[in-house]
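Undergrad: Knowing the structure of chain A, use the given hints to seat chain B on it.
Protein chains in written order, with my numbering: chain A, 1 to 284; chain B, 1 to 284.
These are calculated hints, taken from the structure and not from any lab test. Do not take every clue at face value.
Because identical chains share one entry, a pair is satisfied inside a single copy or across any pair of copies.
Stated by the list, open to error - Below, a list of computed lysine to aspartate or glutamate pairs in the EDC-like style, where the Cα atoms sit at most 16 Å apart: (1) Lys4 with Glu42; (2) Lys4 with Asp263; (3) Lys127 with Asp245; (4) Lys37 with Glu54.
Number of protein chains: 2
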Amino acid sequence: MKLKRSERIVVMTEYLLNNPNKLIPLTYFVSKFNQAKSSISEDIHIIKNGFKEENIGEVKTLAGVSGGVIFTPTLVEEDAKEILSSFLDKINDGNRLLAGGYIFMSDIIGDPSLMNKLGRVVATVYKNKEVDAVVTVATKGIPVAYAIASILNKPVIIIRRDNKVTEGTTVAINYVSGSTKKIETMILSKRSLNTGSKVLLVDDFMRGGGVLTGMESLMNEFDVNVVGKVIITQCFDSPREHEDDYLYLSKIENIDEFNGTFDVKLGNVIEKLRQVEKEDVENE
Amino acid sequence: MKLKRSERIVVMTEYLLNNPNKLIPLTYFVSKFNQAKSSISEDIHIIKNGFKEENIGEVKTLAGVSGGVIFTPTLVEEDAKEILSSFLDKINDGNRLLAGGYIFMSDIIGDPSLMNKLGRVVATVYKNKEVDAVVTVATKGIPVAYAIASILNKPVIIIRRDNKVTEGTTVAINYVSGSTKKIETMILSKRSLNTGSKVLLVDDFMRGGGVLTGMESLMNEFDVNVVGKVIITQCFDSPREHEDDYLYLSKIENIDEFNGTFDVKLGNVIEKLRQVEKEDVENE
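The shape of chain A in the complex, shown without the other chains (with noise of 0.2 Å):
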């Protein structure tokens, strides 16, 4: 294939955000668009640098026989108020309250384009814990699950309620639901992990913290690093808010079942993304 040098800048391009966070071997371009390897450095020089400008992502090259490209997606503080503050509108849209106090997130949930941007941000803030994989459980954490799992280039594992038989031999745990204080049943493949993985825990929902807990307890079973933990939308305080490796999107407080209405909040995550993007500039 013989392209013209801005054509197979865009089909670049491409590449690289359609494969996040993966090592990419310059030979590999060479021979796509049959270039000499400095042309290739030099497209990927400017493509580094419109990624840049735009805030889209970190374009690294790495020298040597095993060297190449790498492009992990990232964003801004500003970036990410603005996705942050779209998805708190949306919740605070509509007439989202139900009975006993619980919040109506389907539609958000459903929303590809608003779970990717989420993810994103969610990605930028664990770009550094070098996670194997990001573990959620059935049914709503999944999407914004993927969305990080995408960019972060690692595999979903999800937790289930119900033991099914297309999972194979399961470990099972039990756990004491936060809210409605009954015993509640987590199961997971055993063959989903390895020991000593990184995991990331992601929920969409807390309430009495549970759930969290629960899952928890089974990656111990699993014998996995948790690396992280991310919740998307938090009710009321939570102990857990002083934890390091605990993120929450946004925070729902002041219920008012009366009158139907609440108050909606941001979560910890623009100080969380300020303190990565602080240890990256202290170990440049």
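TA: Same frame as chain A, but now just chain B:
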């Protein structure tokens, strides 16, 4: 912001890729880059050529006041075959046969990169169907449903098996499982779908066909039009194979529980892709 032309093309390429199937007014780029409309049009032409050469998708420009540019990710038969063959290889790889003739698929479903690729194959088949929503049933259909919906830029609606307080008022139907002959329930929040919407049904696995029939009954209750049905892996033969709007990506046959073997075949996906391509040629 004032970027070099090549850097501008990088940024525009990223924007189009992250906003598929959405009309973007040229004025967006004009004011973003502070450039003349003619320069932006030339940039788009370059991106269009790059995408065309590499079969990344179609870039259409619409003239007039409500005009702009719209990017539809698609793929060609050759690329679809490559994706599907790596998918079949994965199914063939390892010890997947479980008791009862079930196949372990969680690790395949858990691979976001593969799910995104399969999503692109499916989205190409349904690109002209004006899908309003992708409907799936918890749990394992969710990943590929999001991959499809991300490309179509439409919401995902998740049918549940259990009634959760977080869904508000729901509509429930009962159906008979084709494989276990037990009566099962499907539940969907009443506010999930608008009457007359065009929906694409997605599920991961089909054995007896009861789930898909159940989904169709539930869709009847919502008065929507089912414009397509997608199954990732089908077991044995199904009378549905001859339905025109039914797509299956893979098929498992000759399960031998005693020896732990089975055969995997490609579904009817290539034939469906050819059908769409033929329609496109006719409509040109």
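Undergrad: First find the shortest C-alpha distance between Lys127 and Asp245 inside one copy, then the shortest across copies, and answer within, between, both or neither for a cut-off of 16 Å.
TA: Within one copy, since 13 Å is at most 16 Å while 41 Å is not.
Undergrad: How would you classify Lys4 and Glu42 at a CA-CA limit of 16 Å: within, between, both, or neither?
TA: both (14 Å within a copy, 14 Å between copies)
Undergrad: Measure nothing new, just compare the shortest in-copy and cross-copy C-alpha distances for Lys37 and Glu54 to 16 Å and report within, between, both or neither.
TA: Classified as neither: same-chain Cα gap 26 Å, cross-chain 20 Å, threshold 16 Å.
Undergrad: Cα distance capped at 16 Å. Does Lys4 pair with Asp263 within a copy, between copies, both, or neither?
TA: For Lys4 and Asp263, neither the intra-copy (54 Å) nor the inter-copy (45 Å) Cα distance is at most 16 Å.
Figure legend: structure checked against the earlier numbered hints; hints not met, in rising order: 2, 4.
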